[in-house]
Amino acid sequence: MTIIFIRTLIVFLALLISMRLMGKRQLGELELSELVVAILISDLAANPLQDIGIPLLNGLIPIIVLLCCELIISAIITKSVAGRVLLCGRPSMLVENGVINQREMHKNRFSLDELTEELRNLSITDISTVQYAVLETDGSLNVVLIPSERPVTAGQMNIQVEDTGYWTIVINDGTLIEKNLKRVGRDERWLQKELSARRVAGVKEVYLLMVDGAGNIFYCAKEARE
Amino acid sequence: MKREFVAVIILIMLFAGTLCGTAYLTEKTDSLVELVNYSERAASEGDLQKALSIAGDAAKQWSDMNRYTHIFVRHSEVDATADAFFDLLSDLHNNDDASGAYGKLRIHLNSISGMERMTFRNIF
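Residue numbers (the working numbering), protein chains in the order written: chain W, 7 to 232; chain U, 11 to 134.
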C-alpha cells in the first residue's frame with residue numbers, strides 16, 4: 007500500500023511537471039496532437055499505479071517521451087505553416103455573409119444542430135446576422151456579426167472614455183505582493199495610509215486589494231472565521 | 011528553440027539508454043544461460059555435485075541482479091525466473107531428473123531479454 011502511495015505521488019509530480027512544461031494550451035482549447043497526448047498520458051501514468059508489479063519506469067518513460075514529442079510538434083506547428091496545416095488542419099468557413107457553406111459543413115461533419123447550438127451559446131438566433139462563422143482547428147466556433155449587428159463602440163459614438171489601465175492585485179488573501187505594489191507606482195507608506203483609511207490594522211486583514219492605472223482601488227476585507 | 015532542442019536531446023538519450031539497458035540485460039541473461047547449459051552438461055555426465063554448484067553460482071548471480079531487475083523488468087517475470095532457479099536447485103539436490111527444470115529456466119531467462127529486443131514481433 008505504501009508503494010502505491012509513493013508511486014502515486016511520483017507519477018502525479020511527473021504529470022504536473024509535464025503538463026506545466028507543455029504550456030497553457032494544454033489546459034485550454036486542445037489541438038489534435040495535444041488531445042492525443044492528454045488522453046494517452048493519463049492512461050499510461052495509471053498503469054504502474056494499479057499494478058506494483060509493473061516497474062515505475064514503465065509509466066515515467068512514456069510520460070517523458072510524450073512530453074518531448076509534444077514540445078517538438080508544438081515547435082513545428084508554431085514555426086511551419088505547412089507543418090501546422092498537416093498536423094492541425096485549416097480553419098473552415100461554415101457561414102459567410104449569412105449563407106451556410108454546406109460543403110464545409112459536410113466536410114467537417116458538423117451538423118446544423120451543432121451550428122445552431124454554438125450560435126445560441128453566443129446569443130445568436132438569426133443566422134442571417136452572421137457575417138463569418140469559422141470552425142477553428144481546435145474545434146471552437148468563432149463568429150463575426152454583420153456590421154449593423156455588432157455592438158456599438160465608444161469610438162463610433164465619439165465618446166471619450168477614460169482609460170483606467172490594468173487592474174493589479176496588490177494584496178492577495180492577506181499576502182502583500184510587493185512586485186505588484188511597485189508596478190502600480192505605489193509604496194508601503196501609501197498602502198498603510200489606504201489601510202488606515204479603511205480602519206484596517208494590517209495586510210493580514212485584507213482579502214483582496216486591487217489598484218488600477220488611474221489609482222482606483224477595489225478593496226475586500228477578510229471575513230471573520232468561525 | 012532551446013526547449014525543443016533539449017527535448018530532442020532527451021529523446022535521443024532516452025532511446026540510447028533503453029538500447030544500453032537491453033544490451034546489458036541480454037549480456038547478463040546470455041551469460042546465465044551459458045552457465046545453465048554448462049550445469050546441464052555436468053548433470054548429463056553424472057556429476058550432480060558440479061551441476062548443483064554451477065547452478066548455485068548462476069542463481070547467486072541472478073540474485074545479485076535483483077535491484078536492477080526489479081527496477082527495469084516486470085516483477086512477475088523476475089519472480090518466475092527465481093522460481094525456475096529454485097525448482098532446478100531442488101531437483102538437483104534431490105537427485106531428480108532436472109531436464110524439465112533446465113528447459114524451464116532457459117525459457118524464462120531468454121524471454122526476459124527477448125521481450126526487450128527491438129524486433130517486429132515485440133513492437134507489434
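Take these hints with a grain of salt, some might be off.
Simulated DEER-style distance windows between Cβ atoms [claimed, not checked]:
1) U:Ile-81 / W:Leu-36: 51 to 61 angstroms
2) U:Gly-31 / W:Ile-58: 36 to 46 angstroms
3) U:Thr-36 / W:Ile-58: 18 to 28 angstroms
4) W:Asn-178 / U:Thr-36: 36 to 46 angstroms
5) W:Ile-58 / U:Tyr-34: 15 to 25 angstroms
6) U:Leu-24 / W:Asn-107: 40 to 50 angstroms
7) W:Ile-67 / U:Ile-117: 46 to 56 angstroms
8) W:Asn-127 / U:Met-11: 32 to 42 angstroms
9) W:Asn-107 / U:His-85: 35 to 45 angstroms
10) U:Tyr-34 / W:Ser-48: 23 to 33 angstroms
11) W:Asp-169 / U:Met-11: 52 to 62 angstroms
12) W:Gly-59 / U:Ser-73: 16 to 26 angstroms
No lab work stands behind these hints: they were computed from the structure.
Glycine included, C-beta positions come from ideal geometry on N, C-alpha and C.
Hints versus structure:
Separated by about 34 angstroms at the C-beta atoms, U:Ile-81 and W:Leu-36 break the suggested range of 51 to 61 angstroms. Distance hint for U:Gly-31 and W:Ile-58: a CB-CB separation of about 21 angstroms, inconsistent with the stated range 36 to 46 angstroms. Distance hint check: the CB atoms of U:Thr-36 and W:Ile-58 are about 26 angstroms apart, consistent with the given range 18 to 28 angstroms. For W:Asn-178 and U:Thr-36, the hinted distance range of 36 to 46 angstroms is not satisfied, since their beta carbons lie about 57 angstroms from each other.
A hinted range of 15 to 25 angstroms for the beta carbons of W:Ile-58 and U:Tyr-34 is consistent with their spacing of about 24 angstroms. Checking the proposed 40 to 50 angstroms range against U:Leu-24 and W:Asn-107 shows it holds: the Cβ atoms sit about 46 angstroms from each other. The supplied range of 46 to 56 angstroms is broken by W:Ile-67 and U:Ile-117, whose beta-carbon atoms lie about 27 angstroms from each other. Hint check: W:Asn-127 to U:Met-11, Cβ distance near 38 angstroms, so the stated range 32 to 42 angstroms holds.
At about 57 angstroms, the beta-carbon gap between W:Asn-107 and U:His-85 misses the expected band of 35 to 45 angstroms. The hinted range of 23 to 33 angstroms is satisfied by U:Tyr-34 and W:Ser-48, whose Cβ atoms lie roughly 31 angstroms apart. Between W:Asp-169 and U:Met-11 the C-beta distance comes to about 37 angstroms, which lies outside the given range of 52 to 62 angstroms. For the pair W:Gly-59 and U:Ser-73, the supplied restraint of 16 to 26 angstroms holds, since their beta-carbon distance comes to about 19 angstroms.
Comparing the model with each numbered hint stated earlier shows that hints 1, 2, 4, 7, 9 and 11 do not hold.
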